[in-house]
Each structure stands twice: as structure tokens, then as C-alpha cells.
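Engineer: Under the UniProt record's numbering, the first residue of the sequence shown carries the number 1, and numbering increases by one thereafter.
One or more of the hints may lead you astray.
Derived SDA-like pairs (lysine to any residue); straight-line CA-CA distance at most 20 Å [to be verified]: (1) K103 x E147; (2) K24 x R40; (3) K103 x D154; (4) K77 x P49; (5) K77 x D33; (6) K63 x D33; (7) K288 x R268; (8) K63 x G43; (9) K77 x A92; (10) K288 x A300; (11) K24 x A35; (12) K63 x T104; (13) K103 x Q55; (14) K103 x D188; (15) K288 x T41; (16) K81 x V132; (17) K103 x R152; (18) K24 x I38; (19) K77 x G13; (20) K77 x Y164; (21) K77 x G56; (22) K77 x K63; (23) K24 x R268; (24) K103 x D17; (25) K288 x E254; (26) K63 x D107; (27) K77 x W126; (28) K288 x S239; (29) K24 x T267; (30) K77 x Y128; (31) K77 x T41; (32) K288 x T267; (33) K103 x A187; (34) K103 x E143; (35) K24 x T36; (36) K77 x G93; (37) K77 x G53; (38) K77 x I38; (39) K24 x T37.
These aren't lab readings, by the way, just hints derived from the structure by calculation. Given the structure is predicted, the values throughout are model-derived calculations rather than measurements.
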Amino acid sequence: MAIRNSILLGTLGRYADRFHQFQKPRSLAERLDLATTIPRTHGVEPVYPQDLGYQGEHVDLVKASGLAVSAVNVNVKSEDKFRAGSFTNPDAGVRREATQYLKTAMDLASDLGADMITVCPLIDGWDYAFQVDFRSQWRWLVEAFSEASAYRSDVKISIEYKAYESRNRIILPSMGRTLHFCNTVGADTLGVTIDVGHALIAGETPAAEICLAHDAGRLFYIHFNDNNRGADWDMLPASVNFWETLEALFYMRELGWDGWVAYDVFTRHGADDEAIASTFQIMEDLDKIIDRIGMDQIRALRTDGTPARTFAALTRALV
Numbered sequence: 001m002a003i004r005n006s007i008l009l010g011t012l013g014r015y016a017d018r019f020h021q022f023q024k025p026r027s028l029a030e031r032l033d034l035a036t037t038i039p040r041t042h043g044v045e046p047v048y049p050q051d052l053g054y055q056g057e058h059v060d061l062v063k064a065s066g067l068a069v070s071a072v073n074v075n076v077k078s079e080d081k082f083r084a085g086s087f088t089n090p091d092a093g094v095r096r097e098a099t100q101y102l103k104t105a106m107d108l109a110s111d112l113g114a115d116m117i118t119v120c121p122l123i124d125g126w127d128y129a130f131q132v133d134f135r136s137q138w139r140w141l142v143e144a145f146s147e148a149s150a151y152r153s154d155v156k157i158s159i160e161y162k163a164y165e166s167r168n169r170i171i172l173p174s175m176g177r178t179l180h181f182c183n184t185v186g187a188d189t190l191g192v193t194i195d196v197g198h199a200l201i202a203g204e205t206p207a208a209e210i211c212l213a214h215d216a217g218r219l220f221y222i223h224f225n226d227n228n229r230g231a232d233w234d235m236l237p238a239s240v241n242f243w244e245t246l247e248a249l250f251y252m253r254e255l256g257w258d259g260w261v262a263y264d265v266f267t268r269h270g271a272d273d274e275a276i277a278s279t280f281q282i283m284e285d286l287d288k289i290i291d292r293i294g295m296d297q298i299r300a301l302r303t304d305g306t307p308a309r310t311f312a313a314l315t316r317a318l319v
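Given the sequences, and given the hints that come with them, work out the whole structure.
Structural biologist: In C-alpha cells, the structure reads:
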């Protein structure tokens, strides 16, 4: 399977937790220059508005890099005005601003030659019982994405779900609820970004959710990383959940996936560009493992074998 690799530009800049900073800040131009030096890089995922500017002031920098754009990532969480929510903020004016972010990002994506934006509504949800009106939140979310979906038909909107963070509970925490939301809105151009790490912390099986979204006609985008299912650590793919990652790649082949794959991988150890280069190598090697085992052999094991026989055969292929 030929994977089209895209780098989330944020992974090539400052990375910090509550206690330490692990990577140095870099300007957009510096991150783009660095991305062009990483082998197997086919595209990038810039953030609106932080990378591109509120009116697209920095779009020309991305164009000048020569890198394709897989999608424009819309950030509706970090600015102070979104403290109480973005699309579900009780203030109608803030909700209008958040919806306009989607529309402007769609325009910029088209200008950059991309046909998709992706958005993760991390600040939309709740922390406590009785804190929000669930019916109003859902209605406001539907209104925002209905308006944005109707804005232009040539740019898709892909929703990246997550169980928690920034809120203790996020309004779109799972694949099933996100697909239900897309069906409620009803727009064909509204779909799902599955982040493998987000699926893991939600207790999901990534391959199963990929199949579900594909069968619904709403699998638009895939992010790869890994974690221990306890928190979204954005680790190297397959570094913890090896078999689940390999299974996801197997089903991507089964489904004939030919879309973009982006990598939300941050490192506290070593250089960030080295981590991304290693990520690309890992994914390529995982693809070769599937070749070594053979698609037909995996299908036969899945259909006819017991789990013991299956894993014995799979591990034998790795020796």
C-alpha cells in the first residue's frame, strides 16, 4: 500500500508538558524548511489560524515550500474566547466566530490545493454533572456544522473525535457518536478523522472503527500515533500497540484506502524531525511485514484459525 505521508506542522515545534519544554519553538517558515528535509514527506497539515494567519497571511509560505497540503487543521480551543466552548459556547457571538473559522479555513484549504479541513472540538463538552444543557449543546453543534457544510461543496469537513482533554467529557468522544452526528447533519461532505491514539484511549479497536467509518462513507482522514490507552501520549506508531497498529494497516489495505495519513507524534527524547523520520520508516516497515505474511494468509488465519494458531503464524513471519 502506498501511503501518502503528511506531517502535522505542530509536531516540528515547541512541545511541552506541565513541567518541561522538550522542543524549541520554530516559526512556520522554519518548520516548513525542516519538513522538506525529512525523507518520505509528501505533505503537511498546517493549523488555522496559528500557522496560516487569520486572513491567510502566511498561505504563500506554505505554497513556496512545494509541499502538498493534506488538510487544514482548525484550532478552536486555545484562544481565551473559547474558554467556555467554541461551537457550543453559550455566547452566540462566539459560536458564530467558531463557525466562521471553519468557513475561512475551507477557503484557505481550497487556495492551498486541498479539499479538506479537519477539526477536533476539544473545548466543547463538560466537566461536571449539571454544568451544561446537553440538548442546547447538541443543537448548537448541529447548527454550526450544518452552516459550514452548506458554505461550499468542494471542501470536506472532517471531525476528529476524542474522549477527553481539554474537557473531562467531550461532546464527540467516539466513532459511533461522531457518525451519528454526521448523519444528523446529513451533509455528504461531513466525515471523520480517526486518530489512532484517540481511538485507543476511548477503548476502541482502531481497525474496527476504520471499517465502521468506511462503511458509512465518512472515513475522510487518518492520524497515526500510539499510547498506553491511559492518556494521549502521541508516541511512535506501534511502539506500544503493535498488533492493533498492524491490524489497522491491514484493513486499510482491505478497504483500498488511498487517502492521506498524517502523524500526530511528539517526542520528549531526541530531535523532533528524527522522530517523524523514524515514524515514516516504522510505517513502511509495518507495510512490509504485511507483505511478508501475505494478505491471503492473514485472511485465511482470520477466517479458519484459532487465536493461538493465528498469532503463532503471525509471529513466525517476524522471525
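Engineer: Check the structure against each numbered hint from earlier and tell me which ones fail, lowest number first.
Structural biologist: 2, 5, 7, 22, 24, 31, 32, 38
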